[in-house]
Amino acid sequence: MVSRIINFIIALVWLVNGLYCKVLNQVPRHQKIVTRILGEDYGPLFTVAIGVAEIAMCVWILSRIKPKLNAITQILIISTMNILEYFLVPDLLLWGKYNSLFAFLFIVLIYVNEFHLRKKENSTSNV
Numbered sequence: 001m002v003s004r005i006i007n008f009i010i011a012l013v014w015l016v017n018g019l020y021c022k023v024l025n026q027v028p029r030h031q032k033i034v035t036r037i038l039g040e041d042y043g044p045l046f047t048v049a050i051g052v053a054e055i056a057m058c059v060w061i062l063s064r065i066k067p068k069l070n071a072i073t074q075i076l077i078i079s080t081m082n083i084l085e086y087f088l089v090p091d092l093l094l095w096g097k098y099n100s101l102f103a104f105l106f107i108v109l110i111y112v113n114e115f116h117l118r119k120k121e122n123s124t125s126n127v
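Residue numbers (my numbering): 1 to 127.
No wet-lab data here; the hints were simulated from the structure. Since the structure is predicted, the reported quantities are computational estimates derived from the model, not experimental observations. C-beta: ideal position from N, C-alpha, C; glycine also. A couple of the hints might just be wrong.
[What the hints assert, rightly or not] Lysine-lysine pairs mimicking DSS-like chemistry, simulated, CA-CA at most 25 Å apart:
1) 66 / 119
2) 68 / 32
3) 68 / 119
4) 97 / 32
5) 66 / 32
[Stated by the list, open to error] Now the in silico label distances, taken between C-beta atoms and shown as ranges:
6) 52 / 2: 29 to 37 Å
7) 39 / 16: 34 to 42 Å
8) 64 / 36: 32 to 40 Å
9) 96 / 68: 15 to 23 Å
Assemble the whole structure, with the sequences as input and the hints as a guide.
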């Protein structure tokens, strides 16, 4: 049960960041980050595209289709995104370079939830 709640929270993070922050552009800092990295010509379009991909990630998480692959994909995406932002646009991040700490904690939550809590809950429910 705990794993399902955490899974829902993780999916909600992707949904809020994708829909609210990027697609609806309610947090313009996200578009500024993408624009600074990819350029003025591509920033707005790619911000929406990234937002749509984040919404798709939310759906994938909630579907529970290939959950281990999903967790690994999330970890790789978050790691890559935060390494790029750390070096290319730290001044635009909400907590500056400390954003990487929160990203790391989110990665740990995803990992523990999928590879430990879910496994533990599945083994106890089979008894």
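message: Tell me the numbers of any earlier hints that the structure contravenes, in ascending order.
response: 2, 5, 7, 9
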